[in-house]
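**Student:** So the sequence lines, in the order shown, correspond to chains A and B.
So the first sequence is numbered by my numbering: it starts at 1 and just counts up by one.
So the second sequence is numbered by my numbering: it starts at 1 and just counts up by one.
No wet-lab data here; the hints were simulated from the structure.
Please note that the accuracy of each hint is not assured.
When chains are identical, the list treats them as one kind, so a pair holds in a single copy or across two.
What the hints assert, rightly or not - Straight-line distance between alpha carbons at most 35 angstroms, and here's what the computed DSBU-like set of lysine-lysine pairs gives:
{"no.": "1", "residue 1": "134", "residue 2": "311"}
{"no.": "2", "residue 1": "117", "residue 2": "134"}
{"no.": "3", "residue 1": "6", "residue 2": "117"}
{"no.": "4", "residue 1": "207", "residue 2": "311"}
2 protein chains.
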Amino acid sequence: MTDLPKRIEIHEEGPREGFQIEAGPISTEDKVRFCEALAETGLHDVQCVSFVDARRVPGMADAVEVAQTIRQRPDVHYTGIALNLRGYERAVQTPLHITGGIQMSTSNTFSIHNTNKNNEETLVEQRRQLDFFKARGIPVESAIVMTAFGCNFEGEIAPDTVRDCVARLLDLADEYDIRLDRVRIADTVGWASPASVQRVVGTIREKWPDLKLGLHLHDTRGTGMANALMGLQMGIASFDSSCAGLGGCPFAGHKGAAGNICTEDLVFMAQEMGIETGIDLDALIECARLAEEIVGHSLPGKVMHGGSLSKYRAGGHT
Amino acid sequence: MTDLPKRIEIHEEGPREGFQIEAGPISTEDKVRFCEALAETGLHDVQCVSFVDARRVPGMADAVEVAQTIRQRPDVHYTGIALNLRGYERAVQTPLHITGGIQMSTSNTFSIHNTNKNNEETLVEQRRQLDFFKARGIPVESAIVMTAFGCNFEGEIAPDTVRDCVARLLDLADEYDIRLDRVRIADTVGWASPASVQRVVGTIREKWPDLKLGLHLHDTRGTGMANALMGLQMGIASFDSSCAGLGGCPFAGHKGAAGNICTEDLVFMAQEMGIETGIDLDALIECARLAEEIVGHSLPGKVMHGGSLSKYRAGGHT
């Protein structure tokens, strides 16, 4: 495990994931409380809401109110996402830290199903968005390659295809004089295994040894944490995850099992491996328990149920 | 990942784990049906029941009947466990493949809490059992070191302590002219991380390079599959696991999260990494779904909810 990073950064997506998928209704007050609690754990990046059509995602109808109510700590980025210009127009009027992103799926068929646009049309839309970000002074920090490990429509995805997507995104960033902070590789539909993480990350690394990569992993088939371990072993130091495993619901069949990897489980594993996270695990576990209280049912996170080891190590246990 | 085994063997513990912990009642017929279904997947070892005091474990009251009713395939070991001589007396009268085992905990305090015997007393009891196994012609196949990665009473466990336990177990086996098939290293209370798996396995390997090791992992804190990955990377080719993650109950707080790693998730990961298991994953997923049907609630396994990738790869998906 010689390539292990000394420290990792975690991008928390639990609030947005949870408020979006939970049958709810979740009160604005609870949403704010959860975001504020997460920001007290040492997390530097909390994705609070998405600015989407409330008719399609009723749980996000109060996104602007949530964004305006959160009492912000100065050392934390409270972020939100938008899927189109209309969403960005709403987002930038809130006090959230809104950044633009660029994205591409390895799978043309997935793109069409997901956004009604093929990859070429997506590129046109991306340029429209990049013009908007430039005009509004919205920084663009990251790019994401979706379905990087496999696709339910197109099946296996060759690592070279992922590399080509990264190349196109980097070209696009160059075109707009954007210096990306990182490129996120996403297991959008839960196909990744430790072997494919090694192959894909290895292929990208070979071409761009200094490019900072992030992993966006789902635990659809039980390999989420093992995939994260392989990422760590490949030196990946940036992960997206969800407190309590929010976003998946264990009671809803396929959809339910498809949540992001769980933040506090990832923090536990990293800390046990001597990797710094800057996060107070016990405080984060309390957030996960708060999440269960708010949504009213059990969530997939494990360490919140098993408990941290700190009390045993402190010796007050016998 | 150069030390990956070409093939792994999986010791299925789901029926025994599940019938033991589930609030039930589970009918004898369902227990038999589940064991028989597991034996059709390619698993060669299915632990069906434990012969324990029915007043303490009501779910095992029909252990003898289950054992007698299962229609056995000739290529599968249908096994059962016992904790004391009284249990073994019942076990050997059934058609199950009963083997003896020897065991030791790294933690004297854990031993006392678990069995009312300290490690020295445990050794005396083990000799009593070994005399019994010898007299009855019961083969002894494996030894197990419990709490090998940490203990809720004694905290951190040094890898050297685990090595010393292995040494004592090997000495004990020698004393009785037993050639152990494998030594199982157990994360009894869910403390293991990939780092501690690497340390402990490495320490044992250093002393006994040719000793066959097995891992018995729990997913108490979300690292179960990552720990298994580290085991694979260390060349471990023998794992205990539970179909559907039976043995943990996601609705019961600490106790609930403490189940074994999930067999079909492990099989999925291994197969995706090119490691042979000899198991039909889709058939095993059907067993996991049968387990949920039998216990009447959701179980922690992931790939049974996410589904295997075979249908996507076959192309019949659009």
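**Student:** With reference to the structure, classify each hint as holding or not holding.
**Tutor:** Comparing the hints with the structure gives:
Taking the shortest alpha-carbon separations for residue 134 and residue 311, neither the intra-copy value of 50 angstroms nor the inter-copy value of 44 angstroms comes in at or below 35 angstroms. Proximity of residue 117 to residue 134 under the C-alpha cut-off of 35 angstroms is restricted to the intra-copy arrangement: shortest distance 23 angstroms within a copy versus 72 angstroms between copies. Taking identical chains as interchangeable, the C-alpha atoms of residue 6 and residue 117 are never at most 35 angstroms apart, the minima being 40 angstroms within one chain and 43 angstroms between chains. Within a single copy, residue 207 and residue 311 get their C-alpha atoms only as close as 46 angstroms, which misses the 35 angstroms cut-off; across copies the closest is 33 angstroms, which meets it.
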